[in-house]
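Visitor: If you read the protein sequences in the order shown, they are chains A and B. For the first sequence, the positions run 64 to 452 when the numbering used here is used. For the second sequence, the positions run 64 to 452 when the numbering used here is used.
Misleading hints may appear alongside valid ones.
Because identical chains share one entry, a pair is satisfied inside a single copy or across any pair of copies.
As the list claims (entries may be wrong) - For lysine to any residue, the following SDA-like pairs were computed, each having C-alpha atoms within a straight-line distance of at most 20 Å: (1) K89 to R70; (2) K170 to T215; (3) K188 to D301; (4) K238 to K356; (5) K113 to S420; (6) K262 to I364; (7) K381 to G367; (8) K263 to L434; (9) K219 to Y244; (10) K292 to P133; (11) K89 to D69.
Honestly, the hints are just simulated from the structure, not real lab data.
Listed below are the residues making up each chain.
Number of protein chains: 2
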Amino acid sequence: MERTIDREQPHYFGAGPALLPADVLKEAALDLVNYSGDNLGIGEISHRDKRAVKVIDDTKANLSKLLDIPETHEVFFMQGGGTTGFSSIAYNLAANYATKNNGETPKLAYAVTGGWSQKANEEAKRLGFQTQVVVNTKDIKYTDIPPYSEWTPIEKGTAYLYVADNETVHGNEFKDIPTDYLPEGVELVADMSSNILSKKIDVSKYGLIMAGAQKNIGLAGLTIYIIKKSLLEQASDDQLVSWGIALPPIAFHYPTVVKNNSTYNTIPIFTCQILKLVTEKLIKEGGIEEIQKTNEKKAEILYGALEKYPNFYKLAVKEKARSNMNVVFTLHNAELEPEFIKQAEAQQLFGLKGHRSVGGMRASIYNAVTLETTEKLVDFVKQFAENNS
Amino acid sequence: MERTIDREQPHYFGAGPALLPADVLKEAALDLVNYSGDNLGIGEISHRDKRAVKVIDDTKANLSKLLDIPETHEVFFMQGGGTTGFSSIAYNLAANYATKNNGETPKLAYAVTGGWSQKANEEAKRLGFQTQVVVNTKDIKYTDIPPYSEWTPIEKGTAYLYVADNETVHGNEFKDIPTDYLPEGVELVADMSSNILSKKIDVSKYGLIMAGAQKNIGLAGLTIYIIKKSLLEQASDDQLVSWGIALPPIAFHYPTVVKNNSTYNTIPIFTCQILKLVTEKLIKEGGIEEIQKTNEKKAEILYGALEKYPNFYKLAVKEKARSNMNVVFTLHNAELEPEFIKQAEAQQLFGLKGHRSVGGMRASIYNAVTLETTEKLVDFVKQFAENNS
Numbered sequence: 064m065e066r067t068i069d070r071e072q073p074h075y076f077g078a079g080p081a082l083l084p085a086d087v088l089k090e091a092a093l094d095l096v097n098y099s100g101d102n103l104g105i106g107e108i109s110h111r112d113k114r115a116v117k118v119i120d121d122t123k124a125n126l127s128k129l130l131d132i133p134e135t136h137e138v139f140f141m142q143g144g145g146t147t148g149f150s151s152i153a154y155n156l157a158a159n160y161a162t163k164n165n166g167e168t169p170k171l172a173y174a175v176t177g178g179w180s181q182k183a184n185e186e187a188k189r190l191g192f193q194t195q196v197v198v199n200t201k202d203i204k205y206t207d208i209p210p211y212s213e214w215t216p217i218e219k220g221t222a223y224l225y226v227a228d229n230e231t232v233h234g235n236e237f238k239d240i241p242t243d244y245l246p247e248g249v250e251l252v253a254d255m256s257s258n259i260l261s262k263k264i265d266v267s268k269y270g271l272i273m274a275g276a277q278k279n280i281g282l283a284g285l286t287i288y289i290i291k292k293s294l295l296e297q298a299s300d301d302q303l304v305s306w307g308i309a310l311p312p313i314a315f316h317y318p319t320v321v322k323n324n325s326t327y328n329t330i331p332i333f334t335c336q337i338l339k340l341v342t343e344k345l346i347k348e349g350g351i352e353e354i355q356k357t358n359e360k361k362a363e364i365l366y367g368a369l370e371k372y373p374n375f376y377k378l379a380v381k382e383k384a385r386s387n388m389n390v391v392f393t394l395h396n397a398e399l400e401p402e403f404i405k406q407a408e409a410q411q412l413f414g415l416k417g418h419r420s421v422g423g424m425r426a427s428i429y430n431a432v433t434l435e436t437t438e439k440l441v442d443f444v445k446q447f448a449e450n451n452s
Numbered sequence: 064m065e066r067t068i069d070r071e072q073p074h075y076f077g078a079g080p081a082l083l084p085a086d087v088l089k090e091a092a093l094d095l096v097n098y099s100g101d102n103l104g105i106g107e108i109s110h111r112d113k114r115a116v117k118v119i120d121d122t123k124a125n126l127s128k129l130l131d132i133p134e135t136h137e138v139f140f141m142q143g144g145g146t147t148g149f150s151s152i153a154y155n156l157a158a159n160y161a162t163k164n165n166g167e168t169p170k171l172a173y174a175v176t177g178g179w180s181q182k183a184n185e186e187a188k189r190l191g192f193q194t195q196v197v198v199n200t201k202d203i204k205y206t207d208i209p210p211y212s213e214w215t216p217i218e219k220g221t222a223y224l225y226v227a228d229n230e231t232v233h234g235n236e237f238k239d240i241p242t243d244y245l246p247e248g249v250e251l252v253a254d255m256s257s258n259i260l261s262k263k264i265d266v267s268k269y270g271l272i273m274a275g276a277q278k279n280i281g282l283a284g285l286t287i288y289i290i291k292k293s294l295l296e297q298a299s300d301d302q303l304v305s306w307g308i309a310l311p312p313i314a315f316h317y318p319t320v321v322k323n324n325s326t327y328n329t330i331p332i333f334t335c336q337i338l339k340l341v342t343e344k345l346i347k348e349g350g351i352e353e354i355q356k357t358n359e360k361k362a363e364i365l366y367g368a369l370e371k372y373p374n375f376y377k378l379a380v381k382e383k384a385r386s387n388m389n390v391v392f393t394l395h396n397a398e399l400e401p402e403f404i405k406q407a408e409a410q411q412l413f414g415l416k417g418h419r420s421v422g423g424m425r426a427s428i429y430n431a432v433t434l435e436t437t438e439k440l441v442d443f444v445k446q447f448a449e450n451n452s
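Could you build all of it, start to finish, from the sequences and the hints given here?
Guide: Spelled out as structure tokens, the structure:
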């Protein structure tokens, strides 16, 4: 059979790299071969070519529009994913803090609410930064986010509080911002790799937002940073070293990345083009408000179906902390779980197996997963419970 | 006009990101939308999915076959490009040296033969490593590679000698290996970002080969590392820190990357798929031997044409050091250069402008640039000289 760049809509709930809209992929496929009619693909031109620069600038403009990013903040891109973000954030914001505080080495505060924030804290510690864990829900298997009033107060001399706004593996998500909890001058840093562009956020409240593209909005290999411009200020390398502040690899040095419009370390421009197309489509379809409505509806009907059979399905994460992106659940009768996966696949519902560290099931209902696909899963969830209760 | 994934062969000499074979791009375009017939693209599945793992393993196997990589060496991939390689090499090989030498901090030797090796040396120094520049051809504008007998001897306690095997901007290339020059125990490290898979190499002679994919063989965003397995050994982080050895970000830590089959920091699997297809095609078409013959032929006829008009074209790089990949030249009458570019473009010959730091012209004749395209340029080079002499 001749292969084409058209496809039927898959029903896929993988956690990442994850589903992308078929029309975006189709256009990107054409762009890969012939971008502007001169028989060259978007991946074959210099990152300093004006067409490449326009892709970068358009993507930044789309993100600014969708997230209503204020003038106080700057958008830039880096290669990597969350793992590179963990180190680059600690290096750069510690350098900025020292620069503003006569060389004082800051402390870094971490909210450990799942596997990803735990790794972020580990990485900062590993690189020699002094971290304070202000909340750690490991003992309750990351099934809740306690109220801020129960968190340990942040110590003096802290540069930032780091949170993973959505924990992909454990399926919890922050529903508000620790405004009252945060001491004056401590910046809020959020990893939004698995929920960026899924809901409205107030960017002005964040010092830094970091988001790998490969879950909700793109391919692996590109990470979005949205930073408060004042956090870009850094003393010279020599000065930082004299203060005992570790330097990042130059490819991770935010001021250098921003000065070079994200091209210092050759940007994967094809990956950026996909992000451009995804953000264009979101704008065209009504912006964050519309996608948020759909996402909330999807989460509501799926959690609703699971809750309808409390003796059959188990939702470990407390309701107020549940993720709208990654719906994590198990069966009370764990022996039935392989059968659940098998029968789901027979109905063309794929990617439902939970993360290997957690087990059970996980339905990731990112932006590209349609309401229709979610409804199909809802029907199956009900039917499977009815048939096996 | 309806867009398709077929295209006419472009005549494009850009230095990177650069031309890729149209049949590879076409297949990759299809893979982006529907990889294995289940309506999911290769970029939408988990990097731990067995299909993704197979892409990684197949790409490694293809590279091993093409370059005849011995059992003593390991292939792995990282995000980034040369710029991330500069730091990751210094961090990891210094750690390995200290591990093998009771915590002794090594010196690192650099051959500065162009803009890229100069940047590599700068980055190692910036991160606090003690470097020795054993040769520096900046004064002669990187137009020659002096014989090893004229290089400064490498000091005791040195971990490696770093060379840029091909300097993309300045157009020079190593034609042999410093076998006699290298003291016992000092590893040879080569940046082959712009000539990997263009010619036969003896991998066993290298401690480490690093090559960004975006010039000769792929898209931006993936870097190939071929490392001697014994160089992967590293003491614990704590031990290294106690010796005063700087730790890299965990995403740059070679033992961790290798242990996780290059997926620790989510690998951009679509970019890897393109590399797989490019290497598959090279194998099918006769391997390195065949492509090397074609590349040598291309360089021969292009340099030959330029040399035929010594009063018109200027080849600054000495013959014995000329790159077979990046042919850098100027016109004696520099005022004619814009006209050269303009008339070339009128004949559908694109991407010939020299790097902004060097000026003049540069014809990059990477693997994907056909002999036919090179012949077209040769004809133009002759015709332009005849018409304007």
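Visitor: Now tell me if each hint is right for this structure.
Guide: Quick rundown of the hints versus the structure:
| no. | hint | result |
| --- | --- | --- |
| 1 | K89 to R70 | both (9 Å within a copy, 16 Å between copies) |
| 2 | K170 to T215 | within (14 Å within a copy, 45 Å between copies) |
| 3 | K188 to D301 | between (23 Å within a copy, 11 Å between copies) |
| 4 | K238 to K356 | within (15 Å within a copy, 62 Å between copies) |
| 5 | K113 to S420 | between (45 Å within a copy, 18 Å between copies) |
| 6 | K262 to I364 | within (17 Å within a copy, 59 Å between copies) |
| 7 | K381 to G367 | within (14 Å within a copy, 74 Å between copies) |
| 8 | K263 to L434 | within (19 Å within a copy, 54 Å between copies) |
| 9 | K219 to Y244 | within (13 Å within a copy, 56 Å between copies) |
| 10 | K292 to P133 | within (10 Å within a copy, 49 Å between copies) |
| 11 | K89 to D69 | both (7 Å within a copy, 14 Å between copies) |
Hint violations for this structure: none, all hints satisfied.
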